[in-house]
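Using the sequences and the accompanying hints, generate a full structural model.
So you can see what is in the structure, the chains are spelled out below.
There are 2 protein chains.
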Amino acid sequence: MTIRFETHSEMLATAIKALSARDFWTPFSEVPSGKIYGEAAKSDGLAAFDALIGQRFQLTDHPAETHIGAEVSPWGLKLDLTYPAATVEALIDASAAAQDALAAAPITTRVAVCLEALVRLNRLSFLIGHATMHTTGQAFPMAFQAGGPHAQDRGLEAVAMAYCEMTRFAEAAVWKKPQGKHDPIVMEKHWTIQPQGIALTIGCNTFPTWNSYPGIFASLATGNPVIIKPHPKAILPLALTVRVLREVLAEAGLPRDAVLLAVDTPGAEKTKQLVTHPDVAIIDYTGSSDFADWIRQNTSRKRVFTEETGVNSVVITGTDDFDGMCANLAFSLSLYSGQMCTSPQNIYIPEAGIDTDKGRKSFDDVTSGIIQAIDALLQDAQTAAGICGALANPATRDRMSSVAHEGIVLRQSTSPATNVVTPLILKGRKDGPQDAECFGPMSFVIPCTSAEDAIAQAANIARTEGAITAALYATDDKLMSLAGQAFSRAAVNLSINLTGKIYVNQSAAFSDFHVTGGNASGNASLTDPAFIAGRFTRPMRRWPKRC
Amino acid sequence: MTIRFETHSEMLATAIKALSARDFWTPFSEVPSGKIYGEAAKSDGLAAFDALIGQRFQLTDHPAETHIGAEVSPWGLKLDLTYPAATVEALIDASAAAQDALAAAPITTRVAVCLEALVRLNRLSFLIGHATMHTTGQAFPMAFQAGGPHAQDRGLEAVAMAYCEMTRFAEAAVWKKPQGKHDPIVMEKHWTIQPQGIALTIGCNTFPTWNSYPGIFASLATGNPVIIKPHPKAILPLALTVRVLREVLAEAGLPRDAVLLAVDTPGAEKTKQLVTHPDVAIIDYTGSSDFADWIRQNTSRKRVFTEETGVNSVVITGTDDFDGMCANLAFSLSLYSGQMCTSPQNIYIPEAGIDTDKGRKSFDDVTSGIIQAIDALLQDAQTAAGICGALANPATRDRMSSVAHEGIVLRQSTSPATNVVTPLILKGRKDGPQDAECFGPMSFVIPCTSAEDAIAQAANIARTEGAITAALYATDDKLMSLAGQAFSRAAVNLSINLTGKIYVNQSAAFSDFHVTGGNASGNASLTDPAFIAGRFTRPMRRWPKRC
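First to last, the sequence lines map onto chains Z and R.
By the UniProt record's numbering, the letter at position 86 of the first sequence is numbered 86, and the numbering carries on one by one without gaps.
By the UniProt record's numbering, the letter at position 190 of the second sequence is numbered 190, and the numbering carries on one by one without gaps.
One should not assume that every hint holds.
Derived lysine-lysine pairs resembling BS3-like cross-links, with alpha carbons at most 25 Å apart [what the hints assert, rightly or not]:
| id | chain 1 | residue 1 | chain 2 | residue 2 |
| --- | --- | --- | --- | --- |
| 1 | R | 181 | Z | 501 |
| 2 | Z | 176 | R | 501 |
| 3 | R | 42 | Z | 181 |
| 4 | Z | 545 | R | 478 |
| 5 | R | 501 | Z | 545 |
| 6 | R | 78 | Z | 181 |
Hints are computed from structural coordinates only; laboratory data are not their basis.
So, in structure tokens, the structure goes:
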């Protein structure tokens, strides 16, 4: 066995400390630099990516009756990729066959496999960056970061939390119950970490690795074999992940089939059949609440962890840096064309305007300040493509058209390149319903009666529709405190007065709990103990101790 | 404010240590002795109980439109008790009104309230013992222990785990992200413990406090107001609990309505209305899987913690203490007439018999050894009543008749006193279906092809129907290891070779995780981190740090 716990045990220990302290830490640099990743990493990554194009993707010994795949790069590159594909029954059988060996492996072995896989994935970050770029439509810098090191961070976070949870109680105890004058009753007790069963991770189109790694690594570390069902339009980043994990499993003397790829094509998804299979015990899902509801309705006893639909809000009540605020929001609204689960959608502004360092600004002043900042940011077509990325799904464009048709357009979306679009800004109705998530580069500026009303509306929609992030601009301590309470009650993470190079969209592993699990935007939080704890149980054996 | 965290902080610290070590510990003595509880405790408890009979139960300022109650003592005592009763809407409104103050209270205040309430409940153990006896049918010694100190232990265990979970991560952090040659980005971050919402605890008839305290105390400590819906036939023990909790809440300056009693009567239960109310976020339920399924089908997004139906097994493959084994099993089968969730039901024995210290014993020898031990144990009517208790529910007797009618009776149940019945022992069919839970004093001895087959059958029924406990008698290390693996995979706690005064039915707080959460007998384990973690979230506020 070549995989040793000691190899990365220091990284694990530091990760565990970071989880408690929640300050900045990462072992996986987000800078796509040769100095960090090796001078050849960039060109090697691109070459490795190019070598995959037009080929059958190879997964050693993976169950396969056929090879399928229908990914289309939002950037126009012809992919023509296929992957080994098996029936749901064949996948379940293979997963079940791997179950006992994985469960029987020591905690340290499973954790070592996860750590080694993450380190190897990190070395492949350029390749994974290209794979992510051409399946999600992210521009390369973001695809590198979100698909590579940031996803690896979230994976490591899950492994560290899993290790904590599996080792926090005694594995064995001598239980000695006094019996007054008589001899005590003495029992020996031993506990096992018993995995729940087969785990299914359902990936999404926009963040195939980032949103999937926590569930994959949490399940695997706790001994549950994982079937990874990528979005049919974003398979490659997860196929690469499956390849690395299977390699490392084999090197550790564990069955490769402890990690499987369930590939399918649009219109012929295997998701429902996998979700409802009786042997699937754990489901990690990222996607719409509609499908999450379907999962819940069809899986009463399974452990289901979700990240779902939400409406993220910005509340603007005042600022001491008007230009900084507008620039910051312009970037947040443009970044990956609102296709992040953390992207803001609704912007609540008092109709009477706000006080700023540039004097009093009316509602229209604030709106046009933001719009001008967007225009300036995205003026150059190449820069626009670099920030906005490409639309992952054609449906987004249809949604934009229909939203634009129905509303008052304040900023028309432009398209500086194929599939690249800039933000559409609309005026929302005062007190009108702004309830649905409009996924993509669409935002609504909404006039409110007062600053307090703006906070209340934003917190309310978070409570009813779900929200992952909220942003507040305020100079008044009372308003900050009011908003803090309101968003806390709505279980939303709140960013206050962001200017400069930190954005409401960003969520840092080891520090920010991503999604709180307290509103409709998801029941799981990355990575809190609840995300881990239900994935295994602790059955006991006890017997009278022989003296 | 008279409730101080420091008062019981040492008890809390010791409880937390015990949780990790999982050795024997309890601050609440199970011995109903004047030396421990005070010389007057016994008579005071009885007098206090007598004073309640025939009265309207008083709960200061509790919402009430009327007073209802229809409890009937299985022991024949006329109770004639009524309790303040309000509509579900009135209860939800009162609970919601208490929500913000409870959430805003410091962790230490809520935990102090829980600890003080447990200590006061402990002082009332004799009163609660009588209340438990006359609602559940338990004999007094068991009612005292299970209704009093053992339930308090489980409550304390939940509070200790809740305290750990709420305090395990930094409350605040300074996050400093390097930016190469530029200044780092520095953010201040603060996290809040945000309760999920109103919690509902649905009590059961047989262990009103023991099964309810974990959920009640876990929810309350984590800031969720609790509505306690007792079984309509076992209200008094929980009404006393509600009274104490409301008293302590008021003394801590918190709203009494953070704990409410939802009383109802058989046939007019409020359970479904409470379960489906949109403001109820957490549900703790003990009872049948049929109703648990109904809860799951009607509450897709709520946090539901269950203890449900199961079939507990004994596997007999050999023993070096035949008489000790028979005596131990006789007690386990008789104790509270099989009305414990931990009572054994199916006894699997190789048809070819087993090796023992008394020589080879045939299947029939083993069966009659157990039956003779039961007969000897319950010979005296008073002893029988003291061990078997009384039947809580007349339906149990009907079930016994129908089971006896259909099967081969090996030991007829007798009735040494009104509502007191001794175990009915039947012969199960070899390889026949023995799938359903038969709640009550009914057990099946089942002939098996071999010891291995006996283990496989018992583990299999645990896997498919759920099981909380299993017992094994074996002298062969290989069989012990095989059974250990099989029951671990079925997520059942296994007791091996119990003789003497320790029984498979017993589950000790701070050491035994009660129910693993890994099979159909329940999704919750008392008290593991998963039982706590989902009851609250950790929303964050972050802002750029001013230098």
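Which numbered hints turn out to be false for this structure? 6
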